[in-house]
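Engineer: Sequence:
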Amino acid sequence: MTSNDTFDETLIDHYTDAELAQHFARSPRLITTREERGVFALSPGLVAKRIPFDEDYRDQVSALERARSVGVNVPLVRRILCLPDSNPIIIMDRIQGETLEQCWHRIGLWGTLNIAWQLRSFLRGMGTVTSQTTGGLHTGAGRSEWLQAYYPLIPHASPAAFAGYVNWWLLECRPDICIPRPELVLSPARQHVLVHQDLAPRNMILDTAGRLWLVDFGEAGFYPPFMEYLGMKLTHIPWLYEPTWAAWWGRMRWSLLQWIACGPRRGYGEAYNALCVVRQRSLRYRMQKTPFSEL
Numbered sequence: 003m004t005s006n007d008t009f010d011e012t013l014i015d016h017y018t019d020a021e022l023a024q025h026f027a028r029s030p031r032l033i034t035t036r037e038e039r040g041v042f043a044l045s046p047g048l049v050a051k052r053i054p055f056d057e058d059y060r061d062q063v064s065a066l067e068r069a070r071s072v073g074v075n076v077p078l079v080r081r082i083l084c085l086p087d088s089n090p091i092i093i094m095d096r097i098q099g100e101t102l103e104q105c106w107h108r109i110g111l112w113g114t115l116n117i118a119w120q121l122r123s124f125l126r127g128m129g130t131v132t133s134q135t136t137g138g139l140h141t142g143a144g145r146s147e148w149l150q151a152y153y154p155l156i157p158h159a160s161p162a163a164f165a166g167y168v169n170w171w172l173l174e175c176r177p178d179i180c181i182p183r184p185e186l187v188l189s190p191a192r193q194h195v196l197v198h199q200d201l202a203p204r205n206m207i208l209d210t211a212g213r214l215w216l217v218d219f220g221e222a223g224f225y226p227p228f229m230e231y232l233g234m235k236l237t238h239i240p241w242l243y244e245p246t247w248a249a250w251w252g253r254m255r256w257s258l259l260q261w262i263a264c265g266p267r268r269g270y271g272e273a274y275n276a277l278c279v280v281r282q283r284s285l286r287y288r289m290q291k292t293p294f295s296e297l
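Each residue of the sequence shown is one higher than the last, beginning at 3 in my numbering.
I should point out that these hints are in silico values taken from the structure, not numbers from a laboratory.
Mixed in with the good hints there might be a few duds.
[Unchecked claim] Computed cross-link-like contacts, EDC-like style, restricted to lysine to aspartate or glutamate with a CA-CA straight-line distance of at most 16 Å:
hint, residue 1, residue 2
1, K235, E147
2, K235, D209
3, K291, E174
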């Protein structure tokens, strides 16, 4: 292959790893409302996602496969590229459409309802994929923006261990400084379910036929169901926080989507309050180690 050869996506199964690496090196970053971090447009029909060194690509691939098996629209993984001294790369189908971040301002009430019911169906399907462990489907590593400590939760932790980890930050973290919060203590879930954990508008795509797709399963794993609701945040959409009726209506439609897809907020209020405290303390006292922390 010469440097002038163009990439032919129909030959994706026939390229060598070295040839794919050359094409990847020449690929531009995928652009939606921004340059997507670590995601590259390999061709009109394929994207390549570079996995950070501290993550295992098999967690994402396994989560995508399990989600697809229960009817969730997710990109199909076409190749895995693993080269020495390089980040793993997942090559997958490129969904033709716009992220909700791109098109939310154009979506009306009926469009919001359509998206919400599709998402509700996806989350119910993912809720049938259960486990008595926590974290990534392959490594069992617990990864969440709510848990920021240097010493993470032990891999494949049980639901009781997950609750114990969270409750330690509420009750026993630096008791000479932090006020214990027994009223926020969480009970262990009966079982954990497959959770995407980052259902922000940038990670949901509406294709040209009006079908909803979920992308970026980098935070996915087995967690309590409330973690899905807590991950549905309106971030990086400046116009939604302007003092206008359009912004107010955009926020209200997102709240409606959350309510239909996940249920009313009151069902998640206690978990939200608890994890807000945990996030703050695990950021401030990152070197603290719990009895449920990985050594």
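Engineer: Run every hint past the structure and note whether it holds.
Structural biologist: Comparing the hints with the structure gives:
no.	hint	in the structure
1	K235 x E147	holds, 12 Å
2	K235 x D209	violated, 21 Å
3	K291 x E174	holds, 11 Å
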